[in-house]
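Student: Please build the complex by placing chain B on the supplied structure of chain A, with the hints as guidance.
Sequences listed follow chains A and B, in order. What the first sequence shows, in the numbering used here, is residues 1 to 229, in sequence order. What the second sequence shows, in the numbering used here, is residues 1 to 384, in sequence order.
Think of the hints as simulated: they come from the structure by calculation, not from any bench. Computed from a prediction, not measured in an experiment: that's the story for all the values here. Where hints are given, some of them may not hold.
As the list claims (entries may be wrong) - Have a look at the derived ranges for each label pair, beta carbon to beta carbon:
| no. | chain 1 | residue 1 | chain 2 | residue 2 | range |
| --- | --- | --- | --- | --- | --- |
| 1 | B | A19 | A | E124 | 36 to 44 Å |
| 2 | A | F25 | B | R296 | 33 to 41 Å |
| 3 | B | L359 | A | K219 | 54 to 62 Å |
| 4 | B | D346 | A | R116 | 38 to 46 Å |
| 5 | A | R120 | B | R296 | 21 to 29 Å |
| 6 | A | Q86 | B | L8 | 20 to 28 Å |
| 7 | B | Q17 | A | Q86 | 32 to 40 Å |
Said to hold, decoys possible - Subject to a maximum C-alpha distance of 20 Å in a straight line, what follows is the list of computed PhoX-like cross-link-like pairs (lysine-lysine):
| no. | chain 1 | residue 1 | chain 2 | residue 2 |
| --- | --- | --- | --- | --- |
| 8 | B | K195 | B | K169 |
| 9 | B | K99 | B | K15 |
| 10 | A | K33 | A | K71 |
| 11 | A | K145 | B | K15 |
| 12 | B | K151 | B | K98 |
| 13 | B | K15 | B | K98 |
| 14 | B | K183 | B | K169 |
| 15 | B | K195 | B | K233 |
| 16 | A | K117 | B | K5 |
| 17 | B | K294 | A | K114 |
| 18 | A | K165 | A | K33 |
| 19 | B | K195 | B | K183 |
| 20 | B | K195 | B | K98 |
| 21 | B | K5 | A | K114 |
| 22 | B | K294 | A | K117 |
All residues carry an ideal CB built from backbone N, CA and C; glycine is no exception.
Below, each chain spelled out in residue letters.
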Amino acid sequence: MDSIIELVGVDKVYTVGSVETQVLFGINLSFEKGSCTSIIGTSGSGKSTLMHIMGTLDMPTAGSVVIDGQKVDGLDVNALAALRNQTIGFVFQFHYLLPEFSAMENVLIPCMIKNRKVDRQTLERADKLFEMMGLSPVKHYLVTKMSGGQQQRTAIARALINNPKILLADEPTGNLDSENSDRICNIFRDINQEFGTTFIVVTHDTRVAEHTDRVITIKDGRIESDIRI
Amino acid sequence: MLSFKIALRFLTSNKLQTAFIIFGIAVAISVQIFVGLLIESLQISLVDSTMGNAPHITITSSRDEITIRRWEQTVAQLDRYNFVEAISASANGNAYAKKGSTIKPVLIRGLDFDSADQIYHISEGLYSGRINNTRNEILMGKDLAQDLELKPGDSVTITAPDGSNTTLKVTGLFDLGISSINKTWVVTNRDVAQKMFGYGSRVTSIDITTNNLFYADVFANLFKIMLDDKDIKIENWKQLNESLLRGLEGQRISSAMIQIVIIVSVAIAIASILAITVLQKSRQIGILKAMGIKNRDVAFIFLYQGFLLGIAGALVGVALALGLLQSFISFTTSDAGVPVVDVFIDYFLIVRSWIIAVLAATLAGLVPARNSLRLNPVDVIREG
Numbered sequence: 001m002d003s004i005i006e007l008v009g010v011d012k013v014y015t016v017g018s019v020e021t022q023v024l025f026g027i028n029l030s031f032e033k034g035s036c037t038s039i040i041g042t043s044g045s046g047k048s049t050l051m052h053i054m055g056t057l058d059m060p061t062a063g064s065v066v067i068d069g070q071k072v073d074g075l076d077v078n079a080l081a082a083l084r085n086q087t088i089g090f091v092f093q094f095h096y097l098l099p100e101f102s103a104m105e106n107v108l109i110p111c112m113i114k115n116r117k118v119d120r121q122t123l124e125r126a127d128k129l130f131e132m133m134g135l136s137p138v139k140h141y142l143v144t145k146m147s148g149g150q151q152q153r154t155a156i157a158r159a160l161i162n163n164p165k166i167l168l169a170d171e172p173t174g175n176l177d178s179e180n181s182d183r184i185c186n187i188f189r190d191i192n193q194e195f196g197t198t199f200i201v202v203t204h205d206t207r208v209a210e211h212t213d214r215v216i217t218i219k220d221g222r223i224e225s226d227i228r229i
Numbered sequence: 001m002l003s004f005k006i007a008l009r010f011l012t013s014n015k016l017q018t019a020f021i022i023f024g025i026a027v028a029i030s031v032q033i034f035v036g037l038l039i040e041s042l043q044i045s046l047v048d049s050t051m052g053n054a055p056h057i058t059i060t061s062s063r064d065e066i067t068i069r070r071w072e073q074t075v076a077q078l079d080r081y082n083f084v085e086a087i088s089a090s091a092n093g094n095a096y097a098k099k100g101s102t103i104k105p106v107l108i109r110g111l112d113f114d115s116a117d118q119i120y121h122i123s124e125g126l127y128s129g130r131i132n133n134t135r136n137e138i139l140m141g142k143d144l145a146q147d148l149e150l151k152p153g154d155s156v157t158i159t160a161p162d163g164s165n166t167t168l169k170v171t172g173l174f175d176l177g178i179s180s181i182n183k184t185w186v187v188t189n190r191d192v193a194q195k196m197f198g199y200g201s202r203v204t205s206i207d208i209t210t211n212n213l214f215y216a217d218v219f220a221n222l223f224k225i226m227l228d229d230k231d232i233k234i235e236n237w238k239q240l241n242e243s244l245l246r247g248l249e250g251q252r253i254s255s256a257m258i259q260i261v262i263i264v265s266v267a268i269a270i271a272s273i274l275a276i277t278v279l280q281k282s283r284q285i286g287i288l289k290a291m292g293i294k295n296r297d298v299a300f301i302f303l304y305q306g307f308l309l310g311i312a313g314a315l316v317g318v319a320l321a322l323g324l325l326q327s328f329i330s331f332t333t334s335d336a337g338v339p340v341v342d343v344f345i346d347y348f349l350i351v352r353s354w355i356i357a358v359l360a361a362t363l364a365g366l367v368p369a370r371n372s373l374r375l376n377p378v379d380v381i382r383e384g
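Pulled out of the complex, with its shape left as it was, chain A reads as follows:
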């Protein structure tokens, strides 16, 4: 199967003053289109850094990253922004919704970044996503008026509005109770099956990992295991 993300020999070194800290060591990974993978590891293992590099939010110190056939290093800020906007959706531990806007407006923002306007098809897609998330009754609420679970599901809908090929989720259930966590895992599964979106979920919660087809364990910046279920 074609790979959608490929990392070859990825190192990441953070330099603060004269102190250098290496957090990733020669990571080689490949993710197939439409796959559903979890990356697990303890806090400080380097899993979030790996996700930021796969999401082009951060650049590797060494090695190369290819996303959807496009080599990332060498792309300028605007090209990276366009790549993120059109190919990748993000879900973080904190929802990072814009509190000044309603749930619907937040969901439409990536589309407005892409097309500068919202057409009827996009609105229909947004409605469908809200329905999948069980948020139809509250879609016009200001996000500050929503519960934590609703906010996180709105963030997932926002990540999916541009129909990205990849969805990167970093501890998406980290702030949620078990009921909401299960609900979000099921949503990920449904979306993976319905839209064929490639899912990569970074988590330290093994219950989330159980919902995925492949579990990669990362320890001290190195791949410890890579198991396909």
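Tutor: Then chain B, alone, in the frame of chain A:
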């Protein structure tokens, strides 16, 4: 459009902070407009009181003889220019006025009254009697009439430099608000003066007002070229009032300095406030960047915020300035209902100040816009 929408929402989501910023801009802009309008009004009333009853350009003879040759031809030529508002050819001469044992030096002004009145506004200054309509009648300045103890209906003897005496009847008294005129002027028919001083049919001075007294020097130079007459001397008020002009220029520069300082302060204040909002909104900006918004569009969010704050602040500022002016007028109006300063509302100055304020506020948005470019989304996300 997204940048504008976000800018607007950032401003409206924190209404109190936005209201404070708008009020701050408005106060500064209102002071700027108020000071600008007040200084301009002072200038206008100063120029008006100095030049309101005086010609902008005066043509006299440049030769030894005092009278102007071919003056009718010159007047006809000048009359063709559309910027010339009034022309008065007058026969003037120094003489003495005698009443009883009192003798006073006077300036006889032999005028064609209707055209001269457009320049000197004598009829407006007439406070007693009537305008002289016939020969051998005169109007007299207020102070001179007091010195000679004359009132309308009295007669006075005028002695010309050649010693000849003419008895004329006072029909009216005027007060033009300028002491030198009130003390010396005797206004009569041009024919009377021509006869009194032996000028024949000639005049001694052609007085002109134009539609823009500040261009009097330009118009005067144009006349020199177009008339091309070596027998005449053309002077404008600016040559004769250099100290007044220096004063006006000083006022203009100080007004401009005050306005520049205010605008710079407004721009700095907006830039600092918006720079803080970049920090306040760093989470939002970070996530927008993660979602793929381009740096240019992020920069526009802050430019739009500056622009919107500028528009609103300057609008409220204009309203405040007009309110301030109204209060100033009512507080400084005397019991007789005369304001200390005749306030002239220059709409051009208001619109110009408004546009400059909006531009300054928009440009002030460049500082936070630049700061926002440095914001790295991963830093925001890592910090949580």
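Student: Against each hint, give a clear statement of whether it holds in the structure.
Tutor: Hints, verified against the model:
Under the hint 36 to 44 Å, the C-beta atoms of B:A19 and A:E124, about 39 Å apart, fit the expected range. At roughly 37 Å, the beta-carbon separation of A:F25 and B:R296 lies within the given 33 to 41 Å, and the hint holds. Restraint check, B:L359 to A:K219: a C-beta distance of roughly 58 Å satisfies the suggested window 54 to 62 Å. About 42 Å separates the C-beta atoms of B:D346 and A:R116, a value consistent with the hinted range of 38 to 46 Å.
About 28 Å separates the C-beta atoms of A:R120 and B:R296, a value consistent with the hinted range of 21 to 29 Å. Here the CB-CB span from A:Q86 to B:L8 is close to 26 Å, well matched to the stated 20 to 28 Å. At roughly 35 Å, the beta carbons of B:Q17 and A:Q86 sit within the given window of 32 to 40 Å. The hinted pair formed by B:K195 and B:K169 meets the criterion: a straight-line CA distance of about 16 Å does not exceed 20 Å.
About 79 Å separates the Cα atoms of B:K99 and B:K15, which puts this hinted pair outside 20 Å; it is violated. Of the supplied pair hints, the one linking A:K33 and A:K71 holds, its CA atoms being roughly 17 Å apart against a limit of 20 Å. Proposed proximity of A:K145 and B:K15 is supported: the alpha carbons are some 18 Å apart, at most 20 Å. For the proposed pair B:K151 and B:K98, the alpha carbon gap of about 14 Å is at most 20 Å, so the pair holds.
Distance restraint check for B:K15 and B:K98: the Cα-Cα separation of roughly 79 Å exceeds the 20 Å cut-off, and the hinted pair is therefore not satisfied. Between B:K183 and B:K169, the direct Cα distance comes to roughly 18 Å. Compliance with the 20 Å bound is thereby established for this hinted pair. With a C-alpha separation of about 24 Å, the suggested pair B:K195 and B:K233 falls outside the 20 Å cut-off, and the hint is violated. For the hint pairing A:K117 with B:K5, the CA-to-CA distance comes to about 12 Å; that is within 20 Å, so the pair holds.
As the CA atoms of B:K294 and A:K114 are separated by approximately 10 Å, the hinted pair is consistent with the 20 Å bound. A hinted pair counts as satisfied when its Cα atoms are at most 20 Å apart, and A:K165 with A:K33 qualifies at roughly 8 Å. Between B:K195 and B:K183, the direct Cα distance comes to roughly 23 Å. Violation of the 20 Å bound is thereby established for this hinted pair. Taking the CA atoms of B:K195 and B:K98, the gap is about 19 Å. The hint holds against a cut of 20 Å.
Distance hint between B:K5 and A:K114 is fulfilled; the C-alpha atoms sit about 15 Å from each other, no more than 20 Å. Of the pairs offered as hints, the one joining B:K294 and A:K117 holds, with about 15 Å between alpha carbons and a cut-off of 20 Å not exceeded.
In the structure shown, a violation is registered for the earlier hints numbered 9, 13, 15, 19, in ascending order.
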